[in-house]
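Chains as they are written, first to last, in this note's numbering: chain H, 1306 to 1393; chain W, 1306 to 1393; chain P, 1306 to 1393; chain V, 1306 to 1393.
Just so you know, these hints were derived from the structure itself, not from any lab. One or more of the hints may lead you astray.
When chains are identical, the list treats them as one kind, so a pair holds in a single copy or across two.
Claimed, not checked - Okay, derived cross-link-like pairs now, DSSO-like style, lysine-lysine, Cα gap no bigger than 27 angstroms in a straight line:
id: 1; residue 1: Lys1373; residue 2: Lys1316
id: 2; residue 1: Lys1336; residue 2: Lys1373
id: 3; residue 1: Lys1336; residue 2: Lys1311
id: 4; residue 1: Lys1373; residue 2: Lys1343
id: 5; residue 1: Lys1329; residue 2: Lys1373
id: 6; residue 1: Lys1316; residue 2: Lys1354
id: 7; residue 1: Lys1354; residue 2: Lys1343
Protein chains: 4
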Amino acid sequence: MLENTKQESLKRLNYIEGHLAGIKRMVEEEKYCVDVLKQTYAVRRAIEKLESLLLDGHLHTCVVQGVKDGREEQVVGELLELYSLNSK
Amino acid sequence: MLENTKQESLKRLNYIEGHLAGIKRMVEEEKYCVDVLKQTYAVRRAIEKLESLLLDGHLHTCVVQGVKDGREEQVVGELLELYSLNSK
Amino acid sequence: MLENTKQESLKRLNYIEGHLAGIKRMVEEEKYCVDVLKQTYAVRRAIEKLESLLLDGHLHTCVVQGVKDGREEQVVGELLELYSLNSK
Amino acid sequence: MLENTKQESLKRLNYIEGHLAGIKRMVEEEKYCVDVLKQTYAVRRAIEKLESLLLDGHLHTCVVQGVKDGREEQVVGELLELYSLNSK
């Protein structure tokens, strides 16, 4: 994992953790469900942005290197597995 | 918010929080990106299940009551807003 | 189904059909996969907009009427089924 | 595009076209919205499966070849663009 991918990912994970703690407080205080749902949607968006960052790093490093090393079946297979998990 | 929706939601939020902490550890230990991504997908799935639970409660209580009270424009409008936020 | 929902839906379905025919031509002419995929994403977006329109009509008519007629279990159950099908 | 990817894609596109024609008939005959929506969801699923097939072919051919030819920035950039379009 590239150092800047790692640091940026940790920053985003901390933000997501804080957001989630806020949602827990909303549920404890029995806030309006519609408002809670808007926040859970926002958290999922934030996780998707983190995934995009991780995938970017993965493609530029492991995938490119894997193809150059002749392990293309492995790296392509993993990408297709991720794609299919993501669509489920 | 119904009491059992609230308790079940808090239980799921605690689980999601733990899962997210595990992902943070994976990033700190620079685990393989593909494995990290599989976990972030699983967290998003868990959040979607929580949303399904919250929506279930919301429809059975606020939406039904809203229509009966003649506030159908409001409750229908909110549902459409949630739907469109969710598809974004 | 409201008359304007029906007419607008048919208009959109015709547009989607034309778009899909264009994608078929792209595949027959062996266009670059990335360009084909961008078009299939666009078709899915167009279908989602059609769904949003159909759902809008459904909520304003059948759901509101169903609740008023005391068939709330049925209409709420159908909405939850749609939500869960949509997330799959 | 590989010949079997092409033939399989065309077969699926024909199937999707037929499915869409069925949905148009349902709207013309003003079938219950919930039933129409279940069909549009199914069409989107079918398009996603087609995309998975196209992506599979693309990764195994153009992406692997692109990396070997030193055009990794281009092929990785395209994959990230597709990913971000797909999440929108």
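Taking the hints in turn, this is what the structure says about them:
Within a single copy, Lys1373 and Lys1316 get their C-alpha atoms no closer than 32 angstroms, and across copies no closer than 34 angstroms, so neither meets the 27 angstroms cut-off. In the homo-oligomer, the alpha carbons of Lys1336 and Lys1373 lie at most 27 angstroms apart only across protomers (21 angstroms), although the nearest pairing inside one protomer, at 53 angstroms, exceeds that limit. Within a single copy, Lys1336 and Lys1311 get their C-alpha atoms only as close as 35 angstroms, which misses the 27 angstroms cut-off; across copies the closest is 10 angstroms, which meets it. Proximity of Lys1373 to Lys1343 under the C-alpha cut-off of 27 angstroms is restricted to the inter-copy arrangement: shortest distance 24 angstroms between copies versus 44 angstroms within a copy.
Proximity of Lys1329 to Lys1373 under the C-alpha cut-off of 27 angstroms is found in neither arrangement, the shortest distances being 46 angstroms within a copy and 30 angstroms between copies. Proximity of Lys1316 to Lys1354 under the C-alpha cut-off of 27 angstroms is found in both arrangements, the shortest distances being 12 angstroms within a copy and 26 angstroms between copies. Taking identical chains as interchangeable, the C-alpha atoms of Lys1354 and Lys1343 lie at most 27 angstroms apart whether they share a chain (17 angstroms) or sit on different chains (14 angstroms).
Consistency note: the structure conflicts with the earlier hints numbered 1, 5.
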